Amino acid sequence: MGYLSTICILSCINITAVLGLAVLTGYTGLFSIGHAGFMAIGAYSSAVLFLELNLPFWLVVPLGGLAAGCSSVIIGYPAFRGLGKLRGDYFAIATLGFSETVRLLLNNTYPHFGGAYGLTGIPPLTSLPVAAGVAVLALLGAHNLMTSQHGKNCVAVGQDEVAAQMMGVNLFTTKLKALFISAAYAGVAGALFGFYMTYLSPGNFGIGLSSDLLAAVVFGGMQSLIGPAVTAFLLVAIPEFLRFLVEWRLIIYGILFVVVMVYRPQGLLGYRDLDFSRFWRAVHGLRGRG
Amino acid sequence: MVFFLQQLVSGISIGSIYALLAVGYALVYSVYNFTNWAFDAFMVTGAFAAFYGISLYAMPFPVAIAFSIVMTVALALVTETVAYRPLRAHNAPRLFMMISAMGASLAVVNIANLAFGGSFRKFPEITAGAYRLGGVSVGRMDLFAAGFACVMLCLLWLFLERTKFGLGVRASALDTVTAGIMGVNNNQVALIIFGISGVLSAVAGVFFGAKYAVYPYLGTVTIKAMIGSIIGGIGSLPGAVLGSLLLGILETMISSYISSVYRDLFSFSILVVMLLFFPSGLMGAKRVVKL
Amino acid sequence: MDAPVLELKGLSVAFGGVRAVHGVDLTLARGELLGLIGPNGAGKSTLLNLISGAIAPTSGQILFNGRSIVGIAPDQLCHLGISRTFQNIRLFPRMTVFENVALGLHARPHYSLADAFFCTPRACRMDAAARERANGLLEQVGLEGLAGKRAGDLSYGLQRRLELVRAMATEPELLLLDEPAAGMNEDECEQLTRLIRRIHEEFHYGVILIEHHIKVVMELCRDSRIYVMNLGEILSSGSPRDIQSDPKVISAYLGEKRTSHGQTRRQLSRSR
Chain A
1 MGYLSTICIL
11 SCINITAVLG
21 LAVLTGYTGL
31 FSIGHAGFMA
41 IGAYSSAVLF
51 LELNLPFWLV
61 VPLGGLAAGC
71 SSVIIGYPAF
81 RGLGKLRGDY
91 FAIATLGFSE
101 TVRLLLNNTY
111 PHFGGAYGLT
121 GIPPLTSLPV
131 AAGVAVLALL
141 GAHNLMTSQH
151 GKNCVAVGQD
161 EVAAQMMGVN
171 LFTTKLKALF
181 ISAAYAGVAG
191 ALFGFYMTYL
201 SPGNFGIGLS
211 SDLLAAVVFG
221 GMQSLIGPAV
231 TAFLLVAIPE
241 FLRFLVEWRL
251 IIYGILFVVV
261 MVYRPQGLLG
271 YRDLDFSRFW
281 RAVHGLRGRG
Chain B
1 MVFFLQQLVS
11 GISIGSIYAL
21 LAVGYALVYS
31 VYNFTNWAFD
41 AFMVTGAFAA
51 FYGISLYAMP
61 FPVAIAFSIV
71 MTVALALVTE
81 TVAYRPLRAH
91 NAPRLFMMIS
101 AMGASLAVVN
111 IANLAFGGSF
121 RKFPEITAGA
131 YRLGGVSVGR
141 MDLFAAGFAC
151 VMLCLLWLFL
161 ERTKFGLGVR
171 ASALDTVTAG
181 IMGVNNNQVA
191 LIIFGISGVL
201 SAVAGVFFGA
211 KYAVYPYLGT
221 VTIKAMIGSI
231 IGGIGSLPGA
241 VLGSLLLGIL
251 ETMISSYISS
261 VYRDLFSFSI
271 LVVMLLFFPS
281 GLMGAKRVVK
291 L
Chain C
1 MDAPVLELKG
11 LSVAFGGVRA
21 VHGVDLTLAR
31 GELLGLIGPN
41 GAGKSTLLNL
51 ISGAIAPTSG
61 QILFNGRSIV
71 GIAPDQLCHL
81 GISRTFQNIR
91 LFPRMTVFEN
101 VALGLHARPH
111 YSLADAFFCT
121 PRACRMDAAA
131 RERANGLLEQ
141 VGLEGLAGKR
151 AGDLSYGLQR
161 RLELVRAMAT
171 EPELLLLDEP
181 AAGMNEDECE
191 QLTRLIRRIH
201 EEFHYGVILI
211 EHHIKVVMEL
221 CRDSRIYVMN
231 LGEILSSGSP
241 RDIQSDPKVI
251 SAYLGEKRTS
261 HGQTRRQLSR
271 SR
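Chains as they are written, first to last, in the working numbering: chain A, 1 to 290; chain B, 1 to 291; chain C, 1 to 272.
None of these hints come from the bench; they were simulated from the model.
Please read all numbers here as calculations on a predicted model, not as lab measurements.
By construction, the Cβ of each residue, glycine as well, lies at the ideal position given by its N, Cα and C atoms.
There may be inaccurate statements among the hints.
[What the hints assert, rightly or not] Chain C regions said to be covered by chain A (calculated; three or more residues, Cβ under 8 Å):
1. 87-99
2. 103-111
[Unchecked claim] To give a feel for the contact side, a few chain A residues facing chain C, derived at Cβ under 10 Å:
3. P129
4. S148
5. Q149
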């Protein structure tokens, strides 16, 4: 049972991070290969707050998310100002640079953050109920956000940002919001990760992790939440049962990226969250929203 | 003073490697408005091909370079045909193209990792040796790299400005659709452009591998080339060269005068500064959105 | 006298060496429906792009309700009251008809991100209010039955209509229509003409209408003015009848008549 529990906990952590990236890439159409950096910020800041300032677990996890969200402004602000097709590429490059820089800084901060030797001594506080609870909250929250006016604006920006701007949508603030949300989600996931592994190392948070997150969104489907969530689970579970594939993981993802983009860009459940509209209507019915 | 000159030489040396990559990147970008994320895979292929050419088959250095160019261009053409062309044909959004490019990069780089292992390999000692000019030591390899880069870029310039194919490329850079209507074979142009990108990346990979080491993830240096291109003005070829040289020099200075840890931090900060204050770079043109 | 809604003074924009728009003067009174016609490449769409903030002029003034709006971002201009449609339809194809229209209402969200995340009563109320207004707008143009359909699946004529109502959703004072009848046949043109006339009468928007279908323009502007552009400049302006008989307009559209000596009529008149 412990083995199954491991898969479930890691899946829930992955789901949380992937939902954030789905908001940014799946809905708002912004490519990021740097979300491992936000997870790292969330993980390290929550661990340090807990270890050094003795703040409680239930506080440091959201604070980790907040730290990651706020740090996203460093690349969001410069990259999203101004109009032009250039911006999408600039942002993507910036995410890569950001993630690598975070890893570099963490590698070189020996006393406080453990440096390349890693940060140890984190208590195992991420139990299955905690992880599952966060994942469910994350899913509900993301759904609320994407069906709200803010979310619709994100979708419009993702589909045709010029037309969206002409209709009055402020591209800069919309993109910043999407980025902040996705970074905060990644930060929370990272925090939970730290308190599960009990040990953090900068090497955990490289391009491989960012690619894993992106894979879940690409395969799960654009403009969908359930798709990436399910895929996030599958991408944790399957390698556990097909151990021999683990070495080939990134190669397979790479090839699948190309194949999916060419033959089925909508992924598993892209653009079809409506299929679950009956489910969502039931949920909303409970809360009085039509 | 000697120290300063030494670092300058070193900076130009790494800068010229960045320049080769940046020009390949800028070329693709100026025509297709598209960041070729897979060019780190091209670089890795070039480096490994040359390395194994020399160590396994005892190729002389020029032959090894030629071999690596051939292998890399083959990869570039395959990537273009399989991962990019179908998407361009469907007018796929740029996000999809970026994902596809990322996929190509992931696949190739990790195949290299799996096949060759992650250890760092040094090029055999054919390329060692240095000249001394007034107290400043200039590595033979560095000189060769810078010179070769110069020659390649001049050849590229000649190709673009003086040949029929080059005219087609320049026309496509201005307006792909119109160029197509005017009789430019867009698919052919795409192959030429990616082929050139492959050549430049291969040479960059070989020289980088010779200067430092050959390992599967050496392609991560391509982000420096992208930053160099942004500094010079994205889409501008002379700008890419200028920006990359500048970046290489400044980086090396920071690395030696302050600390090598701060080298990459510096490059990232430069990126942020450029985006904040000089989004068009030093030589880039502003683009107008047509409604 | 009521101040004009829009005033263009000496407006020019050049791209490199090409003068797309040069020295354009134009006034639009409150609630007036202006036509803008001219051959292809005359600069009509460029003019709309200037007014809607998509491009910046190289010289001249654009005054909206007496205030200069040069340099203000397009989304800001939308909230100041300028809205537009596009020459090539730019709907959001994967969003529903309803969502396309609703976007115009909530481009600036009515509640905070936190309200959205927790689905607070305030958020629900605002959503319901916006939903009502959007449905009301759809009824205005007869699209309420298709509210749930994806915009990309609509027929061409209905897409044009959707674009129009989406532009109306932002509650503009000035509506810029860029060839709304492009690609339509006679019947569709008539339907569109009636629709635009009805909307104009009900909502009193100021409208600038670019159109190539002369019948549509003449019909809609029969009680107001038409501007004729050619080669980036205003060639002529006036009532439909005036410009129909203006020789400059005729020669721009139909070409010059050459005399037996090979000189054009204009050259002849100049030499006199």
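Okay, the hints, checked on the actual structure:
Check result for the segment 87-99 of chain C against chain A: holds, 7 residues qualifying (beta carbon to beta carbon below 8 Å, three or more required). Counting residues of the segment 103-111 of chain C whose CB falls under 8 Å from any CB of chain A gives 8; the rule of at least 3 is met. Look at P129 of chain A: its Cβ only gets to about 21 Å from chain C, farther than 10 Å, so that hint breaks. Evaluation of the S148 of chain A hint against chain C yields a held restraint, the C-beta minimum of about 4 Å falling below 10 Å.
A hinted interface residue such as Q149 of chain A counts as satisfied when its beta carbon comes closer than 10 Å to some beta carbon of chain C; here the least separation is about 4 Å, so the hint holds.
Against the hints set out earlier in the document, a violation occurs for number 3 only.
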